[in-house]
Amino acid sequence: MIKNLRRAITGILAILLLTSGCSRLPRNSETLFVMVPKLVGIPYFNAARDGASAEAARLGLHFFYTGPTAADASLQVDVLAGLLARHPAVLAVSCNDANALAPVLRRARRYGISVLTWDADAQPDSRDWFVSQVEDETLGRHVMDVLAEQMRGRGQFAIITGSLTASNLNAWLYWMKKQQQEKYPQMQLVSVVPGNDDQQQSFVQAQSLLQAYPDLRGFIGNSSAAPPAIARAIEQAGLSGKIAIAGLSTPNLMRSYIQDGTVRTITLWDPGKLGRLTAAIGAMMLRHETPYDGMDVPGVGTVGVFPESHKIVMGLPLDFTRENIDQYAF
Amino acid sequence: MSSTASTFPPNSAPDPQTKRTPLFRPAGNLQPGIVATLILFFCLYAGYRSGDFWSALNWRLLVQPLAEAGLVSLGMMFVIASGGIDLSAGSIIGLSAVAAGLAAHHGWSVPAIEGIAILSGLLCGAFNGLMIGVLRLSSILVTLGSMILFSGIALALSSGSSFAGFPEGLLWWNDATFAHIPVEFLLFLGVAAIAAVLLQRTLWGHYVVAIGSNPVTARYSGYPVALSTFAIYSVQGLLCGMTGVLMVARLASARADMGQGLMLMAIAAVVLGGAPIEGGAASVLGTVTGVGAFYIVQDGLLLLDVPPFVQHALSSVLLLVAVAFGNLLRGKREDGR
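For the protein sequence lines, the chains are A and B, in the order given.
In terms of the numbering used here, the first sequence opens at residue 1 and continues consecutively.
In terms of the numbering used here, the second sequence opens at residue 1 and continues consecutively.
Careful, some of the hints might be misleading.
To be verified - Reference listing, derived: stretches of chain B covered by chain A, where coverage requires no fewer than 3 residues with Cβ under 8 Å from a Cβ of chain A:
no., stretch
1, 62-71
2, 99-112
3, 201-207
4, 298-307
If you are wondering where the hints come from, they were derived from the structure by calculation, not from laboratory data.
The C-beta atom is built at its ideal place from N, Cα and C for all residues, glycine as well.
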């Protein structure tokens, strides 16, 4: 039996060596730029990765992209703890939870790593700069405006969000509700439900909302998985065109629904540009430069910089409609 | 833990099952050894390919989440040894974290925060124990229900947001080291030693394994099945509460969904350590090996630039290979029966 065992172990080891090669990995920590998304494997973060890796290559950074396989703060902290051992020069993180990520990011800064947050922020004292796509307030109010315009400012609507604990989603949610209370008193928010960034769950939620509220006239999908699920539920119920949809999602997910008219407008920003900007700021960190307001970033444009809050804002939200959606592929 | 209702004279006949085995020897099961050998080879390989693998920093950062998962796995070990399963472990962690968050929010002192978190874990576990042990309901159904119940309570208490602003004294757990070893990890080793004593040197440990191998026989032998089962789930709840405190300290925040990933990890770690999922046997050394294996492989693969999804797949290959080996060996041993 021992002989069998030994044979098996040798076999497994041989396979391990063959599949991943036996060259030693270079230690390029001086120029290593590590980018961590909320989770890997979704088109939104893939687009950001592609943008960042192109920009990093142009600027001579070693680019490494990894992250948790689910949008979970403690999984993400585990990944980051593993990354600290490699001592990257710059660490850029899209945080699943502003508070939970703060200790590990603070620790990274103590080890002399420049820390950026991008897409979703952590506590301000735990990072050097936050690279933001668009102000929370601008975005939340804008999405509400898009919905209100289609509903002519009256009627019941519901919101399907991602997870109830995502801090950026909750910030947008807050401004959507605020805009509705201030500007559209005749509209009524009947329910906010989580779809957990999952199309199937969001679809089921949308179906049950349609059954529970027969007078429902509008939906907001506050996470990229929600609007396509809502659109599918509405199409299946034969209510295309009768129920307004607004929200945040990607052109790839929404293309068919926008082309067939179920959805008129969907809002987001360009994650590829956001990735580019993050890599560009990372390169500035390496050169010990400070970002300044109104600076021009190649491929991104002029960005706003708020030195007191250490925040860099890429620009205004982007609406995808039947006219422009084919220019974007993410 | 002993009960007066028990008619079984504990110190009489040298029943082969009560015969003393060395404290840290996984009784006749080679699986932890196989896993440990595989991991050793993996470490040599990872250390050769990545210069960062053997750095003190890497191991320091590695053993902290390992300690948390380890505590839950030890609790899960007792549950699985008794033939049960606890699907609510993650939710209990989340609930005790939220309890700690609420306490901190109201300005309680550090021991009070820790106390309330551990107490809420214990209460959750006691609830499971009451349903499963006393009311004799199926563990998978009870904990499936209480998983949703506990995380629902935690979500309601926290209204879905995360708590921050914990006192420095609580965050001490994250940064404190003793002889350069994180205190969190030492705590885990201490609890593992206590668990080993409980499992192999106490009557309760004997009852747990007996219930797992055959609950009917255990009951007819006059073992205090209800009370022992109640204790199993209470211990599991207590350990989840402790995990909650450690996670809160490490993440400096508390959220309802905090322990979600740990439940399946704990079950996998126990099985990887050689315990049969149907119960009736368990080993602390095996469980520690199992949980260590998962974290070491995960960390090593990350340092080797292996893409995240492949990391997942490879970790599960580890589980499957080890379980297949274990079954093969056990099959050979049991052929003569």
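Verification of the supplied hints:
1. Remark: the stretch 62-71 of chain B is confirmed as covered by chain A, as 3 of its residues place a Cβ nearer than 8 Å to a Cβ of that chain, reaching the required three.
2. Counting residues of the stretch 99-112 of chain B whose CB lies closer than 8 Å to any CB of chain A gives 0, so the stated coverage by that chain is violated, three being the minimum.
3. Beta-carbon proximity to chain A at under 8 Å applies to 0 residues in the stretch 201-207 of chain B; the threshold of 3 is not reached and the given coverage is violated.
4. For the stretch 298-307 of chain B, the stated coverage by chain A is satisfied: 8 residues place a CB nearer than 8 Å to a CB of that chain, which reaches the threshold of 3.
Comparing the model with each numbered hint stated earlier shows that hints 2 and 3 do not hold.
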